[in-house]
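> Listed here are the chains, written in short residue letters.
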Amino acid sequence: MLYGYAGKILRVNLTKGTVQKEALSEEFADKYIGGRGFVARLLYDEIPKGCDPFSEENIVVMANGPLSGYYLPASGKIHFGTKSPATYGYADGNMGGHFGPALKYAGYDVMILEGKAAEPSYLFIEDDKVEIRPAGDYWGQGSITLEERMKKDLGEDFEICTVGPAAENRVRFACISHDFGRQCGRTGIGTVVGDKKIKAIAVKGTGSLPAYDLEGLYESGKKAYADIYEKPGFTGWTPEGTAGITNFINQVGAFPTRNFQTSYSDHYEQINGKAILEKIKITDKGCFCCPIPCGKYGHAKTKQGSAYVEGPEFETISLFGGNCELKSIEEVAYANYICDELGIDTISGGAVAAFAIECFEKGIISREDMGMEVKFADLESVIHLMNIIARRKGAGNALADGVKIAAEKLGKGADKLAVHVKGLEWTGYECRNAPGMMLAYLTADIGAHHNRAWVLGRDVTGTSANVHDLITQGGTGEKMPKSPVTGKAQGVIDSQHLRPMFDVLGTCRLQMMELGFEVEHYEELFEKVTGKTKSWKELIGVSEMIWHLTRSFFVRETENFGRRMDCAPYRLCSEPVLSGPNEGHYITEEEVNILLDEYYNARGWDSEGIPTPETLERVGLSDIAEDMRREKETTGG
Amino acid sequence: MLKNPAVSPEQPELKKEDEALKLEALHENCSGCRTCLVVCALENCREINPSKSVLRIQGLFPGPGTYRIHLCDQCGACAEVCPEDAIRNENGVYKVDPDKCTGCMLCVAECPHDVMCSHPDFPAPFKCTLCGACVDACPRGAIRLVEETGLAAGNAK
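Read top to bottom, the protein sequences are chains A and B. The first sequence begins at 3 in my numbering and counts up by one. The second sequence begins at 0 in my numbering and counts up by one.
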C-alpha cells in the first residue's frame with residue numbers, strides 16, 4: 003500500500019482519444035516525492051529533445067503531492083508543467099483552490115495530457131469515469147463566465163479548471179483558472195492546454211485517501227492548526243493577505259513602477275492591502291484546508307466598468323498598480339478581472355502592458371498598430387491592451403508573444419525596455435539594489451519569477467525574518483545605501499530549495515514564509531501520512547536534486563545554453579533607478595557576473611552555468627549525467 | 000483549540016445529553032476552505048474523504064461573492080418524512096437506523112438544507128451526529144454551538 007498517494011497516473015492522449023490509468027510506482031514516488039518532483043521528471047523523460055511547445059509532442063503534466071488532500075494546513079496545492087511557449091524551456095506552476103484534492107479523491111495523483119484534440123474539447127472526470135467531451139460553445143468563453151456556466155451544467159460539486167480566449171489564441175502567457183480567482187499563472191501552461199484544444203477540465207472525486215497513521219494524522223493536524231492560530235501573523239497577516247506587503251516593498255524602494263523605470267510609487271496607499279479592505283473586499287476566500295485565507299474576494303467599481311473579482315494580490319498590485327501606474331485599488335482590481343476573464347497571467351499581463359505603453363511613448367509602436375493612444379495611469383489603456391493581446395489584433399499580435407519575442411519583432415531598441423529573464427517577464431520586486439533577489443530572479447528555473455527564492459527581506463534588512471515580521475517592522479522610505487553583491491549565493495540556493503519543497507509536498511508555503519510556521523510540522527505530518535520517515539534535511543535534498551533536474555531540462559532544450567541565459571535585463575543592469583529610496587542605484591554587468599560566478603560555483607555548475615556530470619551524480623541523477631556526457635561528445639564540446 | 004479571536008466567540012462545552020444545543024452557521028466568517036468537511040468525515044468515518052461529510056459549503060461566485068454553510072440544525076424533517084420510522088431523536092440528535100432504512104431516499108429529498116447525505120459506500124443515508132468536530136476545526140469560527148433559543152450559548156447572560 004502506497005500511503006499518501008491515490009495510486010494512479012491518468013494519461014489522456016488527445017490525438018488518439020484514449021484514456022489510460024497507470025499505477026504510480028513506489029520507486030518513483032520515493033525518489034521524486036510528488037508535485038514539482040513528478041512534474042520535473044516526467045517532463046524530462048517524456049518530452050523529446052527540441053520539441054516545439056506547440057506540437058503534439060509537448061505534454062502537460064499536473065501532479066499532486068503526498069500531502070495534498072489530507073487534514074493539514076493548506077493541503078490544496080497542485081503543480082502543473084509543460085515545455086514553455088514563452089521560454090522554450092522548463093516550465094511549471096502551482097495552483098491552489100480545490101482542484102488538486104478533487105483529482106486525488108477521484109483516484110489520480112498525476113494527470114498527463116498528450117497530443118492534441120481534433121476539435122475543441124473538455125475533460126470530464128468523475129472518479130473512474132473519464133471522458134473527452136466536445137467543448138461546443140464553451141469554446142470562446144471567458145474563464146469566469148465558463149466556470150459559472152459549467153458549475154450549473156455539471157453540478158456545484160465539480161471542481162473546474164478553464165482556459166480563456168487568450169489560450170485559444172496562443173497568447174504565450176495564458177493561464178489556467180479555477181475557483182473564480184485561483185490561477186496557475188506563469189510560463190504559458192494555459193497556452194499549451196488551449197493549443198491542445200482543451201477548454202476545461204471538470205473533476206469530481208468521492209474516494210478516500212490512505213493515511214499510514216490516520217489517528218496520528220488527526221492529532222498532528224489539530225496540533226498544526228493550533229500552532230498556526232498562535233502565530234502573531236495569524237491575526238496580523240491574514241486580513242490583508244499578500245497585499246499587506248505593498249507598503250514595505252514600496253518603502254524599501256523595490257516596487258516596480260512605470261515599466262521598471264523606477265522602484266517607488268507615490269500612490270501606494272491607494273493600492274495597498276488596506277485599500278482592498280476599505281474599498282472592495284466582500285469576503286476572505288481560502289484554498290482547501292487553509293487557515294490563513296489570502297484570497298480577498300470583492301467587487302470593484304470603475305468608470306470603465308464594475309466586476310466581481312478575487313484579488314488583487316500583491317503581484318497584481320505591483321504590476322498593474324506600480325508598473326502600469328493604475329491609481330486606485332478599484333482600477334487594479336478591474337484590470338485583474340479583465341485578465342482573469344480573458345485567461346491572461348496578471349504578472350506577465352501587467353509587465354507586457356507597461357512595456358507596450360513605454361514602446362508607444364517612444365514611438366516604437368505606432369498609434370495605428372496600437373489602435374488607440376495608450377498611456378500609463380490609465381485603466382482604459384490597460385483594458386484595450388489586454389483585449390488586443392487576447393485576440394492578437396494589431397500590435398496585440400506581437401505583444402501576445404511576451405516582451406522578449408515582441409521586442410525582437412518590434413526592433414527599434416525595444417529590447418532595452420523588455421524586462422525578463424529567459425523570456426519570462428519579471429515579477430513584482432524591483433532589484434536594482436537587492437542583489438540577492440536579483441540573483442534569485444536570474445537563476446529561477448522557469449525564468450524571472452519570485453516564488454523559487456525570495457531573499458528581498460534579507461537584502462534590505464540583513465535578516466531572514468518571516469514576511470509578517472518584515473511588514474510589522476516596516477520600511478522607512480529613506481535613502482538606502484548601496485548593497486554589496488558578494489556573499490549572496492548560498493542564501494539564494496537555500497531559498498531555492500526551501501520554497502519549492504512545498505510544491506513537491508502539495509501544500510502552500512505561505513504558512514511558513516509569511517507566519518513562520520515551523521518545518522518540523524511537515525516532518526511529522528509527512529510521516530503520519532506516508533509512513534515514511536524523512537527529515538526536513540532529506541526532503542531539502544530532494545528539492546536540490548529537482549533543481550539540477552529542471553536546469554538540465556533547460557540546458558537540453560536550449561541551443562548553446564550558457565551564462566547569457568541568466569543575464570540581467572538591460573534596464574536593471576544599465577539604468578539607475580530614477581526616484582525613491584534607491585534612486586541612482588543599479589547593479590552593473592560586472593556585478594551580475596560576480597553574483598553568477600559565486601552561484602555557479604556553489605551549485606557545482608561550470609562557468610557557463612551547466613550542471614557538471616559529477617554534480618548530477620552527487621545528487622542522484624546519474625542517468626542525466628550520462629545524457630550530458632553523451633551530448634558533449636556528439637557536439638564535440 | 001485556539002481560534003482567531005476576531006471571528007471566534009467563546010464556545011460552550013458540547014454535552015451529548017444537552018438537548019439545548021445545536022449548530023449554527025456564521026456565513027460571513029466562512030472562507031470556503033472546507034476544513035470542516037475533511038474533519039467531519041475524519042471524525043465520523045475515520046477516513047480522509049470529504050464526500051462523506053454531512054455539511055456543505057456553497058460558494059456564490061462570481062456574484063454576490065459570499066459563502067453559505069449548509070448544516071443540520073436537527074430540525075427533524077427527515078424523521079417526519081421517513082415511512083419506516085428509521086430516524087429517531089435521541090437526546091436532541093436525529094439518528095438514522097441503517098437496519099430499518101429501506102433506502103427510499105425520501106429523507107434526502109426532504110432535507111431543507113440538503114445535508115441528508117448519501118454515498119455509494121453506505122447502504123443508508125447518513126447525517127450530522129452533532130459531534131462538534133466542525134466547530135472545533137473551523138479556523139474561522141464560522142460554525143458554533145448555540146442554545147435552542149438561537150442565542151450563542153457563550154454570549155448568553
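Don't read these hints as lab results, they were simulated from the structure. Treat the hints with care, as some may be off.
[As the list claims (entries may be wrong)] Derived list of chain A stretches under chain B, where covered just means 3 residues or more per stretch with a C-beta under 8 Å from a C-beta of chain B:
#	segment
1	68-82
2	282-296
3	467-477
4	587-594
As the structure is a computational prediction, the values presented were derived from the model and not from experiment. The beta carbon of each residue, even a glycine, is placed where N, CA and C say it ideally should be.
> Confirm or reject each hint.
Taking the hints in turn, this is what the structure says about them:
no.	hint	verdict
1	68-82	holds (count 3)
2	282-296	holds (count 12)
3	467-477	violated (count 0)
4	587-594	violated (count 0)
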